[in-house]
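Fit chain B to the known structure of chain A by using the hints.
Residue numbers (my numbering), protein chains in the order written: chain A, 302 to 555; chain B, 2 to 315.
One thing to keep in mind: the hints can contain errors.
Pulled a few chain B residues facing chain A out of the computed Cβ check, cut under 8 Å [claimed, not checked]:
no. : residue
1   : Val57
2   : Arg72
3   : Pro75
4   : Asp86
5   : Ala98
6   : Arg105
7   : Leu125
8   : Trp281
9   : Arg285
Derived, one-sided and incomplete: chain B residues facing chain A with beta-carbon distance under 10 Å [unchecked claim]:
no. : residue
10  : Gly82
11  : Ser88
12  : His99
13  : Cys104
To be clear, the hints were calculated from the coordinates, so they are not data collected in a lab. Ideal Cβ placement from N, Cα and C applies to all residues, glycine included.
What follows is the residue order along each chain.
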Amino acid sequence: MIRLVHGEFTKLRSTRLWLWLLAATMGLTALFASLNIAFNNDPDTLAPPLATAAGQRLLFGTAAGGSQTLVAVLAAIGMAGEYRHRTATTTFLVTPRRAGVVVAKLITYALVGATYAAASIAVVIAIGEPWLSARGIDLTLNRSGIPATMAGVVAAVAAFALLGVGLGALLRDQVAAVVGLLVYLFVAEPIVTRIPALQDWTVFLPGPSASALTQITLTDQDFLQPWQGGVVLAGYALVVASAGAWRTNRLDLT
Amino acid sequence: MVSHPGIEVRGLSKDFGSVRAVDDLTFSVSPGTVTGFLGRNGAGKTTTLRMLLGLVRPDRGTATIGGRAYRDLPAPPTQVGAALDSSGFHPARSGRAHLRVYCRVIGLPTHRADEVLDLVGLSLAGSRRVGGYSLGMRQRLALAVALLGDPQVLVLDEPANGLDPDGIVWIRRLLRDLAAKGRTVLVSSHVLTEMQQLVDRVVIIEGGRLRYDGALSDLAGRQGAVVEVRTRQAIELRAALSGRPGVTLDQDDTGRLLVGGLDPAAVGRVAFAAGVELEWLAQRDGDLERLFFYLTAGTASGRRLSDAAEAGTR
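Here chain B stands alone, though its shape is the one from the complex:
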């Protein structure tokens, strides 16, 4: 077994009835990185992760971890830990008993259950029935199951969903610690800002298709920084700036002009040459959230329906 296995997804597709949940999806996750798997609810993230983990059978394509399908790994839970479902617990069973079941099956000593409970901050609640747990506690327990076999690869589906702000800070810190120890982490979310300080790379999907695969910093660079300008002579400034190669012009809802492709000094020089008086000139950093919205809203529900109809008539 490779000590640092990566994840490879090649041409993965899955239909549920007439709806194409995942459509010819290809991406890879390098060993030892934290990759954000982003998309809106219903974009196909969960189906993709479940195909990767052998829970859902793909119609076409392959998904491998360290070069092998999940079910062909020699001892899956000690190599790949997964938290997919924060509701997958028997309500009458205690958190500790739930973990001990899987300790037995994996062949770990039962005190490993207490270690992971401690790791996720559930030591005190471990002997209580899961039926009385809050959503945040169940998310932590799901993560504890994933960590049980001390795996090199972690696959987490919306682990921050429903967590309070404290919980989000906690999980971000935990995942960063794991990444610092060289673990490969694939973590899905529908909220980009949850990921911003955590991930090295992002894979963005919508309607089951790949929309972006690359470094988070490149994504920010693609949107680019813009220069914010406020002036009473907006028409004159627009005229002076338009037509220059690589320059984009836009206006935000407060009436400020947004100039892309130039730095503030260059915008100032153009304004000076055109005799335009400026009231405000400032650099604004790339707006990831807006770009994420743009990338994922490009295929609104109307288009997905037509995709589904297309798939049905094929």
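In isolation and in its complexed conformation, chain A is listed as follows:
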């Protein structure tokens, strides 16, 4: 398995996509963190003041949004790309026990996701630290709940990486997997989560579960407890990834 994971990292490093998406992730995080700080003084905001621990947790939570989406896109391309470029034939010749390839990709992209999340957290610190100290506020990393939020960001991004691999294995069409992912996250989920009658159910969707895990519970919606969000998200990852592995194993590669 170590050799398979090593091979996946070699694949990833041999093209530049991971670098572009990492740059985009850091850019998005910089944008989200800047907006969070800039509008925190706004009298209409729901956000707790940045001087409080709750306000700073929310600031660190901005590291999750961009990385979750783009890591899921990278992971889906990493899996479905094997079919798009027809490298699947060679990959499954070298590793005829195909589930091993899927598991190696799950491990690889979870690690990549954790790296993206760490880079995003670094961006938040790099922007937040000088900006807040100019306002006379200390950004304290060991304050109550902040390590938990950071761990939540890393876990949520890693879980989205697993979802991306699973989705790529299920759909096998790179474009369909990426478009499906983006439409779900940016159109379908935001719409259904705003329907009050459905809120008892929509808290269990992947996006709200991830928000619960990272404790970005800003709006008037209800959320699960962080640990519940983590369990639900892990459940989605497990189900989608297993279905993807099962489908990969049964496939006729003509």
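Below, chain B without anything else, positioned relative to chain A:
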């Protein structure tokens, strides 16, 4: 593991929807031989090879290498090398990076990538992106992947397809060298002449069914040599030759009489006895290409469609 594993295909069948791609196919490839796997495009060659290599699940039958299914081999890529697809590369990845990925997975040192690049004549192009490779270069890279694990058995699907004449000569020489080192090679093609100087045995399929399995020389012998005769008294000669046991008579498009089952001296004696004056008498060797055409054209597309319909109603 047996040092010289052979290939066994037993009763292999596969349907795609209502089309029977491979139909109860049985043949074997002896260790240390080069076997040509011949048939027209769509005859079921690729499906058979992919079933042999565990990429396609057979509906019925088995295909084994050294007595085991491919996926049950202890370290498949070091025992069997396969080149099935000259388009299976990420265009943004260099040829060397593509090979290094599989070095990592197989557990080979990465310099093995440079060795096989050298072996297939791609040393200079190794660091270029595959997107810029010609078809011939991609065929060579596919072969490099197959050779990576230094396997005893090679399975190659149309490796000469799209190669220029230089490339065909090159691949023929390479495969002959590998065979001389005792490797077992199964190589498919839809062009018999590509194979003629290369293979020991041929397996010919059409419509997913076995049409011929045996030595190439026996195939030539089956058609047999014919004697070419040109004469102005063709009618008299035909009359003198017809009715003799084992003698066949035919005419080619230039009007020459083609006599099978007799040597030129015997044809000359019959002509002399019948008072027929000959203008030309010559031995013509067995025409493999024509025989191949006959073997594979016997089931033209019309019959394949009816096969498919039959399979659908079953």
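Cross-check of the supplied hints:
no., hint, in the structure
1, Val57, "holds (5 Å)"
2, Arg72, "holds (4 Å)"
3, Pro75, "violated (11 Å)"
4, Asp86, "holds (5 Å)"
5, Ala98, "holds (4 Å)"
6, Arg105, "holds (4 Å)"
7, Leu125, "violated (19 Å)"
8, Trp281, "violated (52 Å)"
9, Arg285, "violated (42 Å)"
10, Gly82, "holds (9 Å)"
11, Ser88, "holds (6 Å)"
12, His99, "holds (8 Å)"
13, Cys104, "holds (8 Å)"
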